[in-house]
Structure formats: C-alpha cells, structure tokens
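Chemist: Given chain A, put chain B in place with the hints provided.
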Amino acid sequence: MPWMTAWIDLQRQWVEAAAQVPGASNDAMRAIFTDRYRQLFTPEFARIAPVPDPPNVSAAAIARWQAATRRFGLQIAAIANDASQRLCALLLADDPGLPPVTSLRQLHTLWIECGEAAYAAAAHGDEFAEAQAELLGAWVELRGASRCARP
Amino acid sequence: MTRLAIDPARAAAEMTEFCGRLAAAAQRLAGLDLRAEGCSARDAAFRIGKTVLWHYRPQAADAGLPPLVICYALVNRPYMMDLQPDRSLIRGLLARGLDVYLVDWGYPDVQDQGLALDDYVNRYLGACIDQVRGARGVAAVNLLGVCQGGTLSLCHTALHPERVQNLVTMVTPVDFQTDDNLLSKWVRKVDIERMVEVLGNVPGALLNAAFIALMPLRQSAQKYAGVADIADDPEALANFLRMEHWIHDSPDQAGRAFAEFIRWFFQENRLVRGGLAIGGQPVDLRRVACPLLNIYATQDHLVPPSASLPLARLTGSRDYTAFAFDGGHIGIYVSRRAQELLPGTIAQWLAGR
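Respectively, the protein sequence lines represent chains A and B.
Under our numbering, residues 531 to 681 are what the first sequence spells out, in order.
Under our numbering, residues 1297 to 1649 are what the second sequence spells out, in order.
Just chain A, same shape as in the assembly (with noise of 0.2 angstroms):
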C-alpha cells in the first residue's frame, strides 16, 4: 500500500513539525505534547517498555522478557494488519452511498474507527489476555531480578 506508506511518512513530518512548539517553555508539557503527537500519528496499539539494566539481570528473567515481548508483539502486528485490511476494505467499497474522504482528517478517523474495531476482536480473546499478562509477569520479574542484581 504505497499510499499508507507515504501517509505514515507524512504524518512523521508532521509530528517532528508540531513538536517543534515555538515559545512553549515549559519542558514538562513540551515533552508531554511531543510524547501525544509520536502517539498520534504512529499507529501505534501499545507501548513496551525498555527492558531495564539487561546486563545486571539473570539470563532467565531476559529470556523470558523477551519471549513475552515476541508474544504481544504478534498480537499487535496481528491488530495493526487486520486494522489496515478493514481501512482499505472501506476505502475500496464499491458503494455509491458512501461519501468520498477529501481530507486527512477523515481518513485519520477512519484509521481510528479501523484500529479500535481490530484491537476490540483481538483484546477480548484469550491470547491477548494472557500474551499480555505474561508480559506484565515477565516485567515484574525483571523489575524483581534487576533489583536484587543491584550491589
């Protein structure tokens, strides 16, 4: 899909752009409003954090973290394709009642409305649930292994 392509493309553009406030001063918000607009425009389902100090923490607890964020990261690649399916499949339909998309903003709730409609199928199954889960348990015992590793 080319043109998804170049509309993720712009839309980074566009974040590098807005992020670049004039006059906001306040590095607290600043770096909020620039944290929103990454969130925006990436289409992003859900965020993994870092894994903390990996050197300090035992091989299990990495390997497990890793497996976990395996796991979950297929649920979200599985989400993030099935959305883009559903918004070309609503782009495409071969109905005349349905109204042209003249702007970016349309077409940006309509990524929205796909994105939700996919991450609901998904989120309320089994798979989600415990991918999820095992990557909040695999995250605490990182957290729980990182500090015990501590001097």
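Be a bit skeptical, because a hint or two may be false.
[As the list claims (entries may be wrong)] To be clear about the criterion: a stretch of chain A counts as covered by chain B if any three or more of its residues have a C-beta under 8 angstroms from a C-beta of chain B, and this derived list gives those stretches:
hint, region
1, 591-602
2, 611-625
[Unchecked claim] From the derived model, a few chain A residues whose C-beta atoms are all more than 10 angstroms from chain B:
hint, residue
3, Ser588
4, Ala607
5, Ala608
Hints in this document: simulated from the structure, not taken from any laboratory.
Glycine residues also receive a C-beta, built at the ideal position from the N, C-alpha and C atoms.
Modeler: Relative to chain A, chain B alone:
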C-alpha cells in the same frame, strides 16, 4: 474504485493549518496552570492515616436530610466530583441543600504497602462515617459510593448496616466477570500476588496505562487530534487540561489491598459467587437492606451495565431503584447532561426516603 479523493494541494493546506492549530494549542496549554483539587469550599473534618474526610460548606438552605458521605474509588482522585464550577456533582448536591462529606484516600506510599481492604472498608471508611455520625448527631448516614468506592460502600454497608440509612451506588461493579468487561478479562490472567510481592505498591501509572489500553486509539490519537479543534477556545482548552491532569493523577495503590481487591473481586468474583470476608467477617450483600439507588452508565466501557445491574438480585433491599444514565464512565461525572440530571435525581430519591 476508491473513496479516497484527497487532493494533494488541499492536503498540504490542511496539514499546514492543522499543524499550526496544534502548535497554537500546545503553546496556550503550556501557559495554563489549573492544578486545583476541586473548586468548592471545604474543610478537613477528620484525618486517619492518609485519608482525609472533607466537609463541604453549605451553599443552600439545609434540606434536612441525613449527611451524605461520598466514598470515592482508591484508583484516581476524587476531585473529579468537583472538577470545576459548572462540572461538579458535589456543587449540584450542595445547591439542593445536602450536607456533603467526601472520603479522600490520599496517595498511599511505601508505608502503606501492608494496608488491607479491611483497613479501607472497616477502619478508615468506618472511622469517617463514625465521625460524621458524631458530629451531626445522627445514627446513620446516607452513603454514596462511586465506582470502586461503590463496591467498598456495599461491603461496608453489608458489614455495618446500622450505620447506613440509604445507599447510592454510582457506576459500581458488582459482577466482575461479565462477557463485555474487557478489563476483567485481562486482570483475571495476572499473577497479582507476585506483582505486589515485587513492586510493593502498584504504580498508578501502570493502572492508568491499562485504562487507556482499553481503547488505545480513541484515548490517545483521536483525543489529542481533537485538541486542534479547540485551539481557539481558551475555556475548552482549560477543560481539556483539567481532565488530562485528572486522568494522569493516578495514586499508587497500597499493595496488599490492591492484591486482595483483584483476587477476591476480579479473579474470584466473590460478591456474586459468595465467600467474601473482610476483616474476618463474611460480606453478604443480602445484609444490605436499606433503600438502594444504583446509578449506572449505559455506555460505560470500564464498568459496563452488566457489571452493575446484578446488584438488583443480590441485595437484600426491598427498596431498590436502578437509574440508567445515557453516557460513559467519565461523562457521568462531568458532562452537561450529568450536571442537569444526577444531583436532582439523587437529592429527590434521598428526600423520598
């Protein structure tokens, strides 16, 4: 054939305008400082641990009803009930002559890791209610429990029915395992005891992330894109910032109490299935025999109606009323319709008993 008919020149213009509006909004927001914890005049009537019992100053002639104690949730902060003058359930109640108290659980820290549900339900809430009973010279109070605070209020009333004359529950989960409860589906898989063992208290930011993850695109991308639409409206920007501040002002949760709540309510659904005991005393909703008003929100994604409505068949009350509010979990506190409907509904219902 595609519906996509975006003209490149128009798209570029749209982007420029949108970008400018976002930048302007961000600049205006950065200049606002609205970190207030409620807007109505109040006094600290009592403190126990980190819990404060607030007493609101009257704003109208006394309606002659027993004092109303509002028990908020442990998650999030209670100033949502009094966010700003035109969005304040508390002001609506005061305007109708009610004598309003609010239980504010504060921000638990490392010293509070060992607090149990027994402490919150019996010791803290009990002490607050006793304080009001003593100060106002009444045998029993009216109790309004909000969200998780409603669950705690149900437990307290079941354990101490003599202290509560009338009970109002608002967006309160009772059956924690209904099919449409996404949060419950996730939480049931979590090893909560291990989490608390490692973390001590559970970070509020973690809970907040979970709430946002229930509808991640609507609650991030869509919401923040909407800021561009209000860039020229200082009042709307201030409202937006107040809400954002509240949403992200999530207290850490006392570890032991949180683990008990997750295990007993979400994972074992003991309010419905039975077997719940707090402080060694069995909690049986059939002991909640006082008049009961159950307010739920029809579009609540955090506490769906299916989670609240089973209260009708579980309570021992013969005077049970369900009230459906057409809105969501947040709208029930701050929407214009909520301001018009809810204070009057609650005050009228209380006055009729």
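Chemist: Going through the earlier hints one by one, which of them does the structure break, listed in rising order?
Modeler: Checked against the structure, the only hint that fails is number 1, while the rest are satisfied.
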